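> Chain by chain, the residues run as shown.
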Amino acid sequence: MNRISNVFLVLPMRFAGSKKILVVVSLLVIGILISFRFTKDELVDFNAEVKPILNKKCITCHGGVKAKAGFSVLFREDALANTESGKPAIIPGDPANSEMIRRINLNDPEERMPYRHEPLSDREINILTRWIRQGAKWGDHWAYLPVQKTSVPPKEDPWIKNDVDRFIFERLKENKLSPSQQAGKAILLRRVSLDLIGMYPPQEIAGKYLSNPSEKAYEILVDSLLESKHYGERWAAMWLDLARYADTKGYEADVGREIWKYRDWVIGAFNEDKPYDQFLIQQIAGDLLPDPLDADYIATAFSRNSMTNDEGGTDNEEFRTAAVLDRVNTTWEALMGTTFSCVQCHSHPYDPFRHEEYYSFVSYFNNSRDEDQPGDYPLLRTFNDTLSRELETVTNWVKKYSDEDHSKATKHFLRTWQPAIYANTADSLVNTVIDGNNSDLLLRNNALFRLKKVDLRHADELVFQFNPYTKNGILKLHMDSPDGEVIASIKPALNSKWQISSFPSLQQAGIHDIYFSYSNTSVPVGNQDFHMKINWISFNRQLPGKDQPGYKVVLEKYRSLMKAQVPTTPVMVENPTTIQRATHVFERGNRLTLGKKVEPGVPKSLSMAMPANAPKNRMGLSLWLTNKNNPLVSRTIVNRLWEQLFGTGIAETLEDMGTQGIPPTHKELIDHYAYQLMHDYNWSLKKLLKEFVMSATYRQDSKLTPELREKDPYNKWYARGPRLRLSAEQLRDQHLCISGMMSDKMYGKSVMPWQPSGIWNSPYNGSQWLNSSGEDRYRRAVYTYWKRSSPYPSMISFDGAQRVVCNARRIRTNTPLQALVTLNDSAYVDMAAQFAKRMMREGGKDVKMQISKGYEIMLYASISPEKLKLFMELYHTAFNEFSKDKSSAYSITGEDKELSTAEGAALMVVANALLNLDEVVMKN
Amino acid sequence: MTRQEIHDQRLIREAQRTAMQAHTRRHFLKESAMGLGALAIGSLLGGCGSSSGKYNPVVFDPARPLLPKSPPFSGRAKSVIFLHMAGAPSQLELFDYKPELMKMDGLDCPPSLLAGKQFAFIRGIPKMLGPQANFSQHGESGSWISDHLPHFSSIADEVTFLKAVTTDQFNHAPAQLLVHTGSPRLGRPSLGSWVTYGLGTENQNLPGFVVLSSGGTLPDAGKSVWGSGFLPSVYQGVQCRSEGDPVLFINDPRGMSRNLRKASIDAINKANQQEYEEYQDPEILSRISQYEMAYRMQITAPEVMNIDNEPEYVHEMYGTKPGKASFANNVLLARRLVEKGVRFVQLFDWGWDAHGDHESNALNVGMINKYRSVDKAMTALILDLKQRGMLEETLVVWAGEFGRTPMMENRNGAQNPYKGRDHHTEAFTIWMAGGGIKKGYSYGETDEIGYSAVSGKTEVFDVQATILHQLGFDHEQFTYPFQGRPFRLTDVAGKVIDAIIA
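As they're listed, the protein sequences go chains A and B.
Take 296 as the starting number for the first sequence in our numbering and just add one per residue.
Take -11 as the starting number for the second sequence in our numbering and just add one per residue.
There could be a bad hint or two in this list.
As the list claims (entries may be wrong) - Below, computed lysine-lysine pairings styled on DSS-like, alpha-carbon distance capped at 27 Å:
1) B:K258 x A:K480
2) A:K962 x A:K450
3) B:K250 x A:K1148
4) B:K258 x A:K1143
5) A:K1143 x B:K250
6) A:K1164 x B:K250
7) B:K258 x A:K998
8) B:K483 x A:K363
9) A:K1148 x B:K258
10) A:K1179 x B:K250
Unchecked claim - In silico negatives: residues of chain B with every beta carbon more than 12 Å from chain A:
11) G311
12) S361
13) E433
For the record, the hints were derived by calculation from the structure and aren't laboratory data.
Every value quoted in this text rests on a predicted model; they were computed, and no experiment measured them.
Heads up, the beta-carbon is just placed ideally off N, CA and C, and yes, glycines get one too.
Kindly generate the complete structure, drawing on both the sequences and the hints.
Written out as structure tokens, the structure is:
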């Protein structure tokens, strides 16, 4: 600017004295200044000006996927490096000699860049030229920079209630918009209840709010909703899409999986307002916490919600790898709003992540004990209080008569059956077959198989899960070769049931291949039957203290704990040090083409290194994620909670805050609250939500005006309140509340509310949808059994996520099939019947009163005379029909005693219609 | 047009206009392509590695997601009927005539065919199995077709065979997913979803993408083979059923007359109109029209799904028996649906997994019934479409998810009780007809025992690329942004099979 400033200073002095000339000259100078401003030295903003040009015009050929002519503009170091021509295409400070500038200025389309495309505009050429002259500096994308304390715009206005409004107000003014007035009490009550607890509050809370005229009433309502036990259920529904939680394993047979304890953990965590950093640490690395509790393990099922393929003939390693990559992608997309999966095959085409960095990140997840086993191992076995006390007794015993390590190992084994070797990983199979479901080893007579590299240090006991169904068989374990030293000889009793048993083995040192041989003298020669199945094998240390008084009692407890039939949940457990997997880059994403070996690490470009003392495992990773310098984690959750309330994220693409995502409308608001969340709210999501819903922005009326429709049809600047269709879960839960049938029961196994028959029909899977009975028919949507290949149809119609992979955002659609659900699905028809009965019970004798009452139950407001007239007409039409045709009245009401009169059936038709009103399906 | 229809049209137009206006403003008038979100979809970003050309982006209008749209290029086909024989039929018993294989019948499989290969069930050294059928040549094209398909033989001159199709998935679920979604993993949109996303559908009173299944069981990959993956869920296939509601929830509750349903939808819509006057939200207009459409769909869908009133000669032609869940009934339904403007009909027929471990799936027992159950109906479909002048605009595809081995299956190394073949990825046959595909043509050849492709080898992706091409799409440009990159049906593969296009 110096040169320009000088000119400006000199001119007026020379022409001083002539006002007219001064004016002319001033205008001239301003003109020059303006043209300078846009042509010469004005500092170029890399992110706002340069990056969009590079992304749009250059990066397809010179980016992460292709680097034509050896030139890539993805990273600065690559962009400034020598290209195939032997010299760099960009020379900082010297646009005249930069090949890039030369080429974009040419006329010959064969030589000009972008190759065979429209030339760049003068403006674009100008930006790139200035950028190189100014040193070709790279700028970091906003979301990859650390979250800084952001000052709140010093706006004051009577409308403003808190800092949210100050950010919003500023943009409203810039866009010449004014906020709407506050919505009416009834609307706010319904809106904030559906948003915070996903259903209607108990009558006393609603009543208290509606009857309290004070300013404070709303805050009291918000506080009581945040304290409600239903809060956790509502927010769990959001989280389970991200965690791709389902009750089945996916793929062909898509059989059931018991993992609902994870869903319950999420509900509980939201209810106790577990700080978000702890919430994530437990899910990513709960198993690596010192002395993990059951809850710590169960939280790690977040990563175990990946799919397991049981289909015969599938390669377990292929699907184990798929699960690991899925965990990586989920961690990025759910927690960091970044789509990382691109980098699986090549460096990111737009964002600064390198191919190799993907696999460094993979290595954090690559050493868990799961191997795509049909048994979904490793599992956490949850003991009840009695068994927990017995576990305590056993572990204390081991500690007393052996040592701390032994005691820990025993406890770990009894809780997880780990470390175990899965029998189907055996090789050198003779007279041995891996069964069709890829699960068990099947042994014929004279069978032989090998387990490689078994850790026998300290091991003097063999535990295995097996099923012997021919008597007189002997299983022998040989060291190092098929005829090596026998370290155990086992004669299992005939049982023909799956069982877990322990047998002594000779103590050995070191790591060995073990050959298992099976022979049975009572089997005739040539017999090809199978005589034993084996599922897993573990080499352990025996219970110590054989000579001590009480040993037998403890041994009994030890064995019974090992076998106890208890609930299990798939969880994360790390591999023991002897079975560590190395992680390699997959060339072009192909797992069979291994590239360079990589160590655990995080991408460099996020301007936040792994803390120095962090362990190189998932625990370290979880600390990095939740470190206050991590730029993405806090921003992502702030953006997501906003989206849940307002329907659209401040950065609309929740799944992508990178350079390809839609830029945020109120970046400062995200940053401010990301900072607040970490530093002032101590990661409390309830505090953040309270701030959002207490704002005047949230409380606005949602009516549109022609002006708003013109200026801001999508409500991007928030000059009105959110008006959105309810989510699949909110819709079901609301209707259950209205019908008065909502069950208050929390937690437990997933339930099967009414679903038409013939929906489930998977091959090789005899599971049936068994309609739940009693109150389980009326549980909240979050407890509905979720089968991946055939999800609950009415919820899918309303844009529920299939939960096969992480789903960062649901897109709301509006289709006739949705109307058919709320009109005709028997579950909804049943709710209409129950609602009609409630109208009769609470509305008095008069039909008008009953319908008015119904409307009030739904919307906390009085029905308008026009609407009442419409529904009275409908009532009369229905009443006339049912009076003439009693059998229809019986049919429609399911012969319900209270309803199966012409009056009852007619009211039910009205109830069904009321439950389909736009204002009921939407949140106003 | 009735007054009601005029009213509907007006509502639709207004909802559309408002939504599009909003939409355009938000997403399309931006200077930069950076603002593209999931709602404004195009290939402006360029493919992952492909250059961004001038290609009309598909416009997704959440208020009217199924309105008919023009493809970027003029396509030959307007609709698709995809007949999938779930379980993978044997090409060696139907279309791929291999007299040499007969000579090897009963001999041990040469080690060269086994080295480095993995099979689903074959272990050790299996025996070769000669064709379990007699073949003869048919039509002017002289196509070899087995005597298991006497009816189909008569239309040899209407179809193109692809005899050297390959896949890389030898398990049913992943292979079916590959055929329909371009990926062996769950989570990608199916072909029918892509097509309805790109073209919408002609009849707003019917779903745009209908799925019919027979054989008693859903395909191995479940509903994911007609799932919408990352596309909006409105594009997933709608299963029409022959038992229970033909479309889920299409029937009014028992005891509710049509008249009463009409009255109740009228009341709902009038109340919603009052709501609209207060709130001015175009979403309300959209909801009003969705309820009207639902009402009409309640009439249209059961009508289309009811084949009782088809004339006797049609039933005779297809071999249909009203009231039964059968492949034949589904094929007739497919024709009726396409006739009514449905864009994509996908049929699955379960029970083609000819392992020979059971009588029902033995090549020489159960499969013979299976061939009979499809022969007449699939032949009738082609003839019927032709006589109605619909064949040129309807692309019919017949396929399994992979082929079957020239070896006889020996499960777990022991001989199977019946004659059967294991899963085979290296060659199988697909046929296509109509929609601008050559007539009486065969493309691709396998070696003399039908083990692998020797010429004209094609991949599943090529078939997908060709289907999209016939509908007016360049499969490389037809993308949707997801997880940070533009995704397409054919992933990074696929070449249009120009040789088979008429």
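> Against this structure, judge whether each hint is valid.
Here's how the hints hold up against the structure:
1. For the given pair, K258 of chain B sits about 25 Å from K480 of chain A by alpha-carbon distance, which is consistent with the 27 Å threshold.
2. With a C-alpha separation of about 17 Å, the suggested pairing of K962 of chain A with K450 of chain A holds against the 27 Å cut-off.
3. Pair hint K250 of chain B plus K1148 of chain A holds up; C-alpha atoms about 24 Å apart against a cutoff of 27 Å.
4. Between K258 of chain B and K1143 of chain A the alpha-carbon distance is near 18 Å, which keeps this suggested pair within the 27 Å criterion.
5. Among the hinted pairs, K1143 of chain A with K250 of chain B is consistent with the structure: their alpha-carbon atoms are about 22 Å apart, no more than 27 Å.
6. For the hint pairing K1164 of chain A with K250 of chain B, the CA-to-CA distance comes to about 17 Å; that is within 27 Å, so the pair holds.
7. For the hint linking K258 of chain B to K998 of chain A, the alpha-carbon distance of about 19 Å falls within 27 Å, and the restraint holds.
8. With a C-alpha separation of about 23 Å, the suggested pairing of K483 of chain B with K363 of chain A holds against the 27 Å cut-off.
9. Distance check on the hinted pair: K1148 of chain A and K258 of chain B sit about 20 Å apart at the alpha-carbon level, within 27 Å; holds.
10. At most 27 Å may separate the alpha-carbon atoms for a hinted pair to count; K1179 of chain A and K250 of chain B meet this at roughly 18 Å.
11. No Cβ of chain A comes within 12 Å of the Cβ of G311 of chain B; the nearest lies about 16 Å off, and the non-interface call holds.
12. Residue-level check passed: S361 of chain B sits 18 Å from the nearest beta carbon of chain A, beyond 12 Å.
13. The claim that E433 of chain B is not at the interface with chain A holds, since no C-beta of that chain comes within 12 Å of its own (minimum 28 Å).
The structure shown violates none of the earlier numbered hints.
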